[in-house]
Amino acid sequence: MSLAGLYVKAAVGAVGPRSRELPSTELMRSVPVDRAHLAAYARVCGFAVGDVLPLTYPHVLAFPLQVELMASRAFPLPLPGLVHVRNTITARRRIDAAEELDVRVHAERLRAHPKGAQVDLVAEIAAGGEPVWHGRSTYLARGASAPDSDKFEPPLPSGIEDGPAVATWLVDAGTGRRYAAVSGDVNPIHLHPLTAKAFGFPRAIAHGMWTAAHALAALQGRTADAATYDVAFAKPLLLPSIVELRTRPVGDGWHLDVRSRKAQHLTATLS
Amino acid sequence: MPNVRKAAVIGGNRIPFARANGAYATASNLDMLTATLDGLAARFGLAGATLGEVVGGAVLKHSRDRDLTREAVLGSTLSPRTPAYDLQQACGTGLQTAVAVANKIALGQIESGIAAGVDTASDAPVALNDGLRRVLMELNGAKTPLARLKALRGLRPGQIVPEIPRNAEPRTGLSMGEHAAITAQEWQVGREEQDELAAASHRNLAAAYDRGFFDDLVTPYLGLTRDANLRPDSSAEKLAKLKPVFGKDLEHPTMTAGNSTPLTDGASAVLLGSDEWAAQNRLPVLAHVVDAQTAAVDHVHGRDGLLTAPVYAVPVLLERNGLTLQDFDFYEIHEAFASTVLATLKAWEDPAFTKERLGLDAPLGAIDRSRLNVVGSSLATGHPFAATGGRIVATLAKLLHENKGGRGLISICAAGGQGVTMILEAAA
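Chains as they are written, first to last, in my numbering: chain Z, -8 to 262; chain A, 34 to 461.
Calculated directly from the structure, the hints in this document are not laboratory data.
Yeah, the Cβ is synthetic: ideal placement off N, Cα and C, and Gly gets one too.
Certain hints may be false.
Among chain A residues calculated to face chain Z with C-beta under 7 angstroms, some are [as the list claims (entries may be wrong)]: (1) Ala53; (2) Gly55; (3) Thr59; (4) Asp64.
Covered by chain A, per the in silico footprint, the following chain Z stretches (three or more residues, Cβ under 8 angstroms) [what the hints assert, rightly or not]: (5) 38 to 46; (6) 158 to 167.
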């Protein structure tokens, strides 16, 4: 089923009884890299078109499996309304577009949050059996309930409070549609002001993973192949917007910060 | 000011050249140049390094690609403190960037630098129709509603048709191929010898790939590991079957798609430095830049062919360096068209031409053809305009290094009636 179809199915099925526990399902798939798709992704996010996968690219390879898992009735939180609040990616080495990749996705750590319930969708990517990439996407379901967790929650990456911006982005109204086309994330909140309004947003909002990718692309040529990119999404980035990127080198890595005059959208560390 | 010294050619990197609308159809000049610089940096351990200068260029260039080379450096693993600038001289661009970098090194103004070039025929700039552009400019400058209305009255339906770059000379309206066909006829360059030269180019390039010659000169890109235009099984017999595409109105048309270069996408880069810089960084020196000469002809109103400027440049270069045309171990004559190479050689052998047009007492004479384009040239690799110079400099430097001595001549013809030539000698 297409991702759009899964969204519709999830929306229709959002009402009614749901499981209270996470399914133990693990979804697996071989994902050959389509170079035309990789090039389109690079264009939309601002990476150079090349053979090495941008650190954030495997997320879009794993994303359809995430949706498949979250759209199922066995998943305790309704897919419509889930908010992506944090994403942590670790690459062990560079991945070449010619490599054969296998993706595994599972859900874990359903836990309480002051505003509802959180869950992690974990994607692991292996090249020829060798684990090369790991992604943890944390989603928040407002108003939902879940048991408290005593597991340590790593602190959120802190913002860069002072100093001039390194770049000003004019993020146009079509950004959400363009990223939807390359990521498959066709959540209506990203596509059009009217569909976004239906979900309570004043305008369409940018995909957090687009903002994360676009910020990372600004560091092209200055990042290590093996790295962890830890991103926290704060306030939604309404489209269109003018936002500022701040970067600061810290040790071998970077702190990143994306915000507009009114709101903080993203804080991240690359280490 | 320090004494003049010879710049060292340390090595090169290029991506395989792709036929237009092939493997690199989605790649921009910036993408290809960045990938090529990164490949060079990886090969020579230059990640994070601040070099003296990067000079690069493209012939078909979008207006958004202002300072293309600097942008490529900023997106590469080189230090952002490496300065860069663009240069453009049609198909001479790539070699002229090497001249620019080598000269600064020679004068001691920089210790290291990269000469680079890139071109895409797949992602070529398509501009607004010029009539529409003028209307929009007038509209932009209009200060009153009335003036805006007046500007909009200039809109015409036909303005929707964009300006597409043409492979034609602005002043003659003829394509490069048509110009070359006229020169071919003037020098009576036969079909058979053109096809033989083309077949040799493919054969030589294929053999060079097979023996690993390009292993440290080429980095795969977007799935391509060898030049897409290469036909290892090409032969003069097969090429003889192709129909002429240029000079079809001439009495004996000879130029086909097989003995002409196709539109190509690609990029190349060459690392140059002083001997001292190379030693400090434990890098090899393959060859030195001895000298270079650029020339131009009047292809519009004069008697000379569009692509014949190197015919004039080389004698000057030889004279200044006290050399004869036979004093070379390798000749790298860019194969824009097979007929261009052959016409160039014929001109140097012709007593009347050399006396009357070059003002020389004796012709330069013939060359040993077994030393010409020994690992293939543009007919086989393809010819992304600005990337050809870098391909040839790195290739010749490696040939000289392998040869453990000797001297090589580079000759590249360019649109606009220009030509760039250079002498390299093996490092001692």
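Hints the structure fails to honour: Numbers 1, 2 and 6, in rising order.
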